[in-house]
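Number of protein chains: 2
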Amino acid sequence: LNRRNAETNPLTEQFSSYLSRIDDSLARELDIYSWSEFYAPLRYASDGGKRIRPLILVLSSESVNADKKEGIDDNKEEIFLASSAIELLHTESVIHDDIIDEENLRRGKPSFHVKYGYNSSILTADFVLGIILNIGSKIDSPKISAELSKAATKMSEGEMMEIMLAKDPRLKEDDYIKVVEHKTASLFEAAAKIGAILGFGLEDEIRAMGSFGHLLGIAYQIHDDLLDWNNEDRLFNMLVKNNEQSVEFVAKMEKLFLCYSIKAKNELRKIADSVSKKHLEHLTDLTYIQV
Amino acid sequence: LNRRNAETNPLTEQFSSYLSRIDDSLARELDIYSWSEFYAPLRYASDGGKRIRPLILVLSSESVNADKKEGIDDNKEEIFLASSAIELLHTESVIHDDIIDEENLRRGKPSFHVKYGYNSSILTADFVLGIILNIGSKIDSPKISAELSKAATKMSEGEMMEIMLAKDPRLKEDDYIKVVEHKTASLFEAAAKIGAILGFGLEDEIRAMGSFGHLLGIAYQIHDDLLDWNNEDRLFNMLVKNNEQSVEFVAKMEKLFLCYSIKAKNELRKIADSVSKKHLEHLTDLTYIQV
Chain E
461 LNRRNAETNP LTEQFSSYLS RIDDSLAREL DIYSWSEFYA PLRYASDGGK RIRPLILVLS
521 SESVNADKKE GIDDNKEEIF LASSAIELLH TESVIHDDII DEENLRRGKP SFHVKYGYNS
581 SILTADFVLG IILNIGSKID SPKISAELSK AATKMSEGEM MEIMLAKDPR LKEDDYIKVV
641 EHKTASLFEA AAKIGAILGF GLEDEIRAMG SFGHLLGIAY QIHDDLLDWN NEDRLFNMLV
701 KNNEQSVEFV AKMEKLFLCY SIKAKNELRK IADSVSKKHL EHLTDLTYIQ V
Chain C
461 LNRRNAETNP LTEQFSSYLS RIDDSLAREL DIYSWSEFYA PLRYASDGGK RIRPLILVLS
521 SESVNADKKE GIDDNKEEIF LASSAIELLH TESVIHDDII DEENLRRGKP SFHVKYGYNS
581 SILTADFVLG IILNIGSKID SPKISAELSK AATKMSEGEM MEIMLAKDPR LKEDDYIKVV
641 EHKTASLFEA AAKIGAILGF GLEDEIRAMG SFGHLLGIAY QIHDDLLDWN NEDRLFNMLV
701 KNNEQSVEFV AKMEKLFLCY SIKAKNELRK IADSVSKKHL EHLTDLTYIQ V
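If you're matching them up, the sequences are chains E and C in order.
So in the numbering used here, spot 136 of the first sequence is number 596, and the numbers just go up one at a time.
So in the numbering used here, spot 137 of the second sequence is number 597, and the numbers just go up one at a time.
So that you can see chain E by itself, here it is in the shape it has in the complex (with noise of 0.2 Å):
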């Protein structure tokens, strides 16, 4: 999975040693079902993804506990085994998105509804159901599992939503940064507080961390659509259209997203200094370039 990351993932150059772990991590997961149907499409999907959700829970985890004398090693699997689960939701919805997008393409190769058709993308979403059931399993802890169900619920519920509002004709900024929160946000928010959660915080670091995993994902999701809103047939194009005065409505967006951004490290204030603390004030720079 390493090399194909290598050459298009922005977060390569400071992360990469994360990045290796993660990824082992996904592979030695999704090498229990190698017998499976769903394992060639499964590595197909899961390939190429640039990994920033996982990334987020991994220094999220190391933050809160720089200044702890907890072994945060103790709980170094389950920390690798919650970011599997991620990036699979992650995955997921992917899938899910670009079958009822109808795109064609997703990171230069075709998307996997293409590749493998809409019958094995249904089933691949119950198969994977099955692997984080699994992974819950071994994590063995009520907390995260319940943080991953608010996640695919509100995640679902985010693409609904959309669907709904794509044909309303008074769709709002509101309405559409409610999809955002719903759609994008609620998983770098469940990455970040499971990363806390798993690093042995503190209650008020674990609320930080996921104010801050949620403010991050709505700035992450404004910014790929300020980037994409020429070419694709989306929420925030259909904002941009309906509205009489789209340049400064677009400029308005892109002071919002720096805003959301603003706010996200302002979180991470209320967490101890530390190299890793470091790494995820340098992880939200980066979403203004392009994550």
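In short, the hints are calculated from the structure, not lab data.
In this list, chains with the same sequence are indistinguishable; a pair is considered to hold if it fits within one copy or across any two.
Pairs of lysine-lysine, DSSO-like flavour, derived with a Cα cap of 30 Å:
| hint | residue 1 | residue 2 |
| --- | --- | --- |
| 1 | K603 | K536 |
| 2 | K575 | K627 |
| 3 | K510 | K610 |
| 4 | K536 | K598 |
All of these numbers come straight from a predicted model, not from anything done at the bench.
Based on these hints, arrange chain C on the given structure of chain E.
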């Protein structure tokens, strides 16, 4: 949910008090999501199910506990939570089956994708994943999450195998049984096994109940296919058509169904006698009629 069941469910006569507790518990889990766009669709999808799988789970928990001091009441909540998870896994597989088989009717009503559309069907899987993770978090037992995981992966694998084999003119009886074991027996097995675990069963009892569920699941599916073989485009029908002596073949499958049904009841001999065990025997007999 109860009223409609009463009209059509052959299990109602003997098991109505169980069924209403199972339905109540399922309704309670779904009510958590009354805010969701998926709420009405999920109620629609789960309405009218016969609840044979959750019933097996509950009766299994009582059967292994019949002669024990341990208070099964301590686990009552978990037992009904798990029964909801099992029924939701089944509901999900039904939604996906109907898309793949292009079925327009289910339980006398328009099938899910006909009523709510393909996109909604696809996203519902992700939402159900969230619900099941939440139930897993509440039950808080890695063993049970592992059983749910195994069932989810096997069921989707079985469905995939069926798609592949349906194109294969060399389809054999063994292939058909293998699909049935994955697609149907895995969830019956999980139901019976999870029941036995939550009923404080001994290792031997858990194993016996797992086998019982597995064998009953095979019998149930063969019987279902025998009833339907003239009407539907199933793997079983391909097998009948591929066979030169199709009358003899159907007779052979009838014997096979009886054989699995008897084997299933034999497994129950390993469990102490009780009213609940009698119920499970009766449930097995009901597959002769039409469950």
